[in-house]
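J.: Each chain, written out:
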Amino acid sequence: MRRATDASLPTFGTMSSKASESKMSSSQYSYIFKYIIVGDMGVGKSCLLHQFTEQKFTADCPHTIGVEFGTRIIEVSGKKIKLQIWDTAGQERFRAVTRSYYRGAAGALMVYDITRRSSYNHLSSWLSDTRNLTNPGTVIYLIGNKLDMESNRDVSYEEAKQFADENGLMFLEASAKTGEYVEDAFLKTAQIIYECIQDGRLDLNAADSGVQQKILQCETNPNVEKDKSCMQC
Amino acid sequence: MDVEDVLSDVVSMEDLKKFEKEYHNQLTTGTVSQETKFHYAWCLVRSNYPADIRKGLILLEQLIKHEANDDDAKRNYLYYLALGNSRIKEYSTALQFIKAFLHMQPENMQAQNLLVTIQKKMESDAHKGMAVAGALALGLSAIVGIGFALSKNLKK
Numbered sequence: 001m002r003r004a005t006d007a008s009l010p011t012f013g014t015m016s017s018k019a020s021e022s023k024m025s026s027s028q029y030s031y032i033f034k035y036i037i038v039g040d041m042g043v044g045k046s047c048l049l050h051q052f053t054e055q056k057f058t059a060d061c062p063h064t065i066g067v068e069f070g071t072r073i074i075e076v077s078g079k080k081i082k083l084q085i086w087d088t089a090g091q092e093r094f095r096a097v098t099r100s101y102y103r104g105a106a107g108a109l110m111v112y113d114i115t116r117r118s119s120y121n122h123l124s125s126w127l128s129d130t131r132n133l134t135n136p137g138t139v140i141y142l143i144g145n146k147l148d149m150e151s152n153r154d155v156s157y158e159e160a161k162q163f164a165d166e167n168g169l170m171f172l173e174a175s176a177k178t179g180e181y182v183e184d185a186f187l188k189t190a191q192i193i194y195e196c197i198q199d200g201r202l203d204l205n206a207a208d209s210g211v212q213q214k215i216l217q218c219e220t221n222p223n224v225e226k227d228k229s230c231m232q233c
Numbered sequence: 001m002d003v004e005d006v007l008s009d010v011v012s013m014e015d016l017k018k019f020e021k022e023y024h025n026q027l028t029t030g031t032v033s034q035e036t037k038f039h040y041a042w043c044l045v046r047s048n049y050p051a052d053i054r055k056g057l058i059l060l061e062q063l064i065k066h067e068a069n070d071d072d073a074k075r076n077y078l079y080y081l082a083l084g085n086s087r088i089k090e091y092s093t094a095l096q097f098i099k100a101f102l103h104m105q106p107e108n109m110q111a112q113n114l115l116v117t118i119q120k121k122m123e124s125d126a127h128k129g130m131a132v133a134g135a136l137a138l139g140l141s142a143i144v145g146i147g148f149a150l151s152k153n154l155k156k
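Chains as they are written, first to last, in this note's numbering: chain S, 1 to 233; chain Z, 1 to 156.
Keep in mind the hints are simulated off the structure, nothing from the lab. All values reported here derive from a predicted model rather than from experimental measurement. Misleading hints may appear alongside valid ones.
Using 30 Å as the maximum straight-line C-alpha spacing, the simulated DSSO-like pairs for lysine-lysine come out as follows [said to hold, decoys possible]:
1) Z:K89 x S:K177
2) Z:K21 x Z:K99
3) Z:K128 x Z:K74
4) S:K82 x Z:K89
5) S:K82 x Z:K120
6) Z:K74 x S:K80
7) Z:K128 x S:K82
8) S:K214 x Z:K120
9) S:K177 x S:K56
10) Z:K74 x Z:K121
11) Z:K74 x Z:K37
12) Z:K152 x Z:K121
13) Z:K89 x Z:K128
14) Z:K99 x S:K56
15) S:K56 x Z:K21
In silico negatives: residues of chain S with every beta carbon more than 10 Å from chain Z [said to hold, decoys possible]:
16) T58
17) E68
18) S128
Backbone N, C-alpha and C fix where the C-beta goes; we use that ideal spot for every residue, glycine too.
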């Protein structure tokens, strides 16, 4: 079985421990990237978020109510970046309102369950929502979750890889349970966004770019209204 | 865009208007579906205006009292009742709702996180209150002090 990340594991710096993360004040990062996590109910979106932000896994995670929120500060090319992650509920009853969270996302993690074909079959609907409601520059990462349940696999790596290639998506398989490749999904997305900023493909001045750059002024002058002075997007 | 927690998430005017319109359309035709009412309430409790939040809380209370037909729905309403109440600083009411939720489903991490967020908010508001009270006391004692000094001067 081939996996997206077998060849070379990327070398991203992350804050090594929870303690060091909590010590960082809100002004100690250069950028904020907004992410959304979308996909069918029960594919493990919240479990991926918890694994990434808290290194925890809860089996039989209850359904998300509306949206859940998580943050973590990471490091890409020596720059500290705060990831602001909106984990949307997969249940249909929430979908009308969760759609409004797509707006202004710099990264979208689109999740399916490798052991449940129906969750894979619904990807085109999730993809069209994501494309319609985000910017052309939004980085979409396809994640096949539950890699730990290989014996129950219902969707092959090759098939999903082909879907990803045809639609211009990044792709990997991961396990929220074991934590395998979870970091990669979140960090690779950040790296691509960062590269887009560096080479000018992502316009920070565009509305809803999903990226906010922190400007020194905000940290030194508390009288300046934060949103107006900081928001470059 | 810098959101710290679920309590600082604010609905866009565009969304609020969209779901309000849907709700009012159904009102005029007769019956409002549970879903439409919930969507509108969910937007209202994330408004910047306390009057909107209170309206959302009324709708959620109607939903939980008369329309919730399963535990799942009940928990959804409890969650947003807790969220809305804490956004208008009705912390003790908010705690009651989130504790009622956790009574139904103690292991729910999302509800546990909201409980912690509410408790943190209460604490920081209490500190702010104490700081204001402290500043007032300081100001008052300065005035009394000046008055005292002046009266002494006058006596001389």
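J.: Confirm or reject each hint.
T.: Hints versus structure:
Between Z:K89 and S:K177 the CA atoms are separated by roughly 37 Å; this puts the pair beyond 30 Å, and the hint is violated. Restraint check for Z:K21 and Z:K99: not satisfied, since their Cα atoms lie roughly 33 Å apart, outside the 30 Å limit. Only pairs whose Cα atoms come within 30 Å are accepted, and Z:K128 paired with Z:K74 is rejected, the gap being roughly 34 Å. Among the hinted pairs, S:K82 with Z:K89 is consistent with the structure: their alpha-carbon atoms are about 28 Å apart, no more than 30 Å.
About 21 Å separates the Cα atoms of S:K82 and Z:K120, which keeps this hinted pair within 30 Å; it holds. With a CA separation close to 40 Å, the supplied pair Z:K74 and S:K80 exceeds the 30 Å bound. Straight-line distance between C-alpha atoms of Z:K128 and S:K82 comes to about 27 Å, which keeps the hinted pair within the 30 Å bound. Between S:K214 and Z:K120, the direct Cα distance comes to roughly 25 Å. Compliance with the 30 Å bound is thereby established for this hinted pair.
Distance check on the hinted pair: S:K177 and S:K56 sit about 8 Å apart at the alpha-carbon level, within 30 Å; holds. For the suggested pair Z:K74 and Z:K121, the alpha carbons sit about 25 Å apart, so the restraint of at most 30 Å is met. For the proposed pair Z:K74 and Z:K37, the alpha carbon gap of about 14 Å is at most 30 Å, so the pair holds. A distance of roughly 46 Å separates the Cα atoms of Z:K152 and Z:K121; the hinted pair therefore is violated under the 30 Å criterion.
At most 30 Å may separate the alpha-carbon atoms for a hinted pair to count; Z:K89 and Z:K128 meet this at roughly 13 Å. Using a Cα cut-off of 30 Å, the hinted pair Z:K99 and S:K56 holds, with the two alpha carbons roughly 23 Å apart. About 41 Å separates the Cα atoms of S:K56 and Z:K21, which puts this hinted pair outside 30 Å; it is violated. Once the 10 Å rule is applied to beta carbons, S:T58 is inconsistent with being away from chain Z; the minimum gap is 6 Å.
Under the 10 Å C-beta cut-off, the non-interface status given to S:E68 relative to chain Z is violated; the minimum distance is some 5 Å. Here S:S128 stays apart from chain Z, with its beta-carbon at least about 20 Å from theirs, past the 10 Å limit.
Of the numbered hints given earlier, the model fails hints 1, 2, 3, 6, 12, 15, 16, 17; all others are met.
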